[in-house]
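> Take a look at the letters that make up each chain.
There are 2 protein chains.
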Amino acid sequence: MAMTLDEIIQRRRSIRRYLPQPVEKEKILACLEAARLAPSAENSQPWRFLVIDDPELKAKVSEKAFSGIYSTCRFAVQAPVLVLLMAKLDFLANRLGRLVQGTQFYLLDLGIAGEHFVLKAEELGLGTCWIGWFNARAVRKLLRIPKKYRLVAIFSVGYPEKRPTQKQVRKSLEEIAWFNQVRD
Amino acid sequence: MAMTLDEIIQRRRSIRRYLPQPVEKEKILACLEAARLAPSAENSQPWRFLVIDDPELKAKVSEKAFSGIYSTCRFAVQAPVLVLLMAKLDFLANRLGRLVQGTQFYLLDLGIAGEHFVLKAEELGLGTCWIGWFNARAVRKLLRIPKKYRLVAIFSVGYPEKRPTQKQVRKSLEEIAWFNQVRD
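Chains A and B, in that order, give the protein sequences.
Take 1 as the starting number for the first sequence in the numbering used here and just add one per residue.
Take 1 as the starting number for the second sequence in the numbering used here and just add one per residue.
No wet-lab data here; the hints were simulated from the structure.
Here the structure is a predicted model, which is why all the values come from computation and not from measurement.
Careful: at least some of the hints might be erroneous.
[As the list claims (entries may be wrong)] If you want a taste of the chain A side facing chain B, the calculated C-beta under 7 Å gives, among others:
| hint | residue |
| --- | --- |
| 1 | M1 |
| 2 | I9 |
| 3 | R36 |
| 4 | L37 |
| 5 | R48 |
| 6 | F49 |
| 7 | Q104 |
| 8 | L124 |
| 9 | W130 |
| 10 | K171 |
| 11 | W178 |
| 12 | F179 |
[Said to hold, decoys possible] So the derived label-pair ranges between C-beta atoms look like this:
| hint | chain 1 | residue 1 | chain 2 | residue 2 | range |
| --- | --- | --- | --- | --- | --- |
| 13 | B | N43 | A | P160 | 36 to 46 Å |
| 14 | A | R17 | B | L57 | 42 to 52 Å |
| 15 | B | M1 | A | K148 | 40 to 50 Å |
| 16 | B | T4 | A | E63 | 37 to 47 Å |
| 17 | B | L57 | A | T4 | 41 to 51 Å |
| 18 | A | G125 | B | E175 | 20 to 30 Å |
| 19 | B | R144 | A | P20 | 53 to 63 Å |
| 20 | A | E175 | B | K171 | 37 to 47 Å |
Here a beta-carbon is modelled for each residue, glycine too, at the ideal position from N, C-alpha and C.
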């Protein structure tokens with residue numbers, strides 16, 4: 001039986017241990033399709049996904065991404081798939097947004113679309129982790145990513161070896177949500 | 001029968017026409033709970049939600065938010081509820097993130113949590129619209145939002161009067177996703 005949205009959200013964990021088992025390409029495509037349909041500022045769709053599922057290339061990318069001061073995210077080396085989340089910035093929405101509103105809307109948009117990917121992966125039994133701490137410069141160079149794309153985040157993707165039983169602690173609703181008046 | 005994630009994602013539209021019908025508080029709380037469980041950089045949970053559902057206050061806020069050059073989002077005046085999406089920035093993750101990685105992770109995080117809210121609202125039959133174009137300064141002043149919070153976006157929330165039959169056009173999968181090599 002299909003999972004409800006609440007079940008997907010409650011069940012999702014950031015997964016940091018993966019089985020070597022490869023991930024079916026159809027599942028990755030289903031996650032990308034969920035991301036593709038996300039909303040964005042002025043419908044600009046700034047997101048670009050670079051899926052690294054070739055085992056040799058994946059080994060090279062993860063070596064570049066998660067060495068030295070970036071070793072804290074070294075768990076991602078184990079994941080059979082990495083997905084690089086990039087932004088294409090030549091959009092009116094983003095230039096105007098930063099100038100006038102002070103907000104880089106493309107980051108909100110990548111958060112939205114990226115999370116569609118993550119929720120769909122969870123529904124398909126895959127584990128993911130949003131990673132922001134990696135050697136972007138080395139990865140760009142290795143993969144020859146053109147300057148017009150900003151490399152914002154990496155997802156590790158694979159079948160979880162072990163699932164944390166509990167979510168990391170969350171703030172209570174009273175700490176993060178108020179009605180009609182700021183309460184803090 | 002509960003909707004699947006795919007159905008929720010495919011059905012969601014940015015709603016710009018609302019019925020005057022008020023929104024049940026339990027539904028807003030369910031959306032907030034979905035947002036509360038979102039992942040974030042270093043589990044920093046920078047999101048804060050200020051729900052404006054008092055009709056008089058809502059009228060004042062929307063007048064401030066959507067006048068003058070911001071009238072292009074005036075449709076939101078009709079919505080019975082506005083939700084202000086704010087970020088609390090005094091977190092290691094955000095200071096380090098901007099300095100070292102060049103990314104304002106709190107914007108990714110607000111995109112993620114905000115979209116949990118939006119997807120849950122869709123499941124509950126509510127319409128929403130992500131709005132980034134509003135007079136943040138005037139809204140801050142009216143609501144006396146402390147400086148420690150950054151006002152990033154507003155959701156309009158309500159029962160749709162009319163649902164666009166089609167989604168706005170999306171790029172094809174080939175335009176936004178590649179395997180092992182950038183194709184553009």
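> Tell me the hint numbers this structure goes against, listed in increasing order.
Violated hints: 1, 8, 13, 17; rest satisfied.
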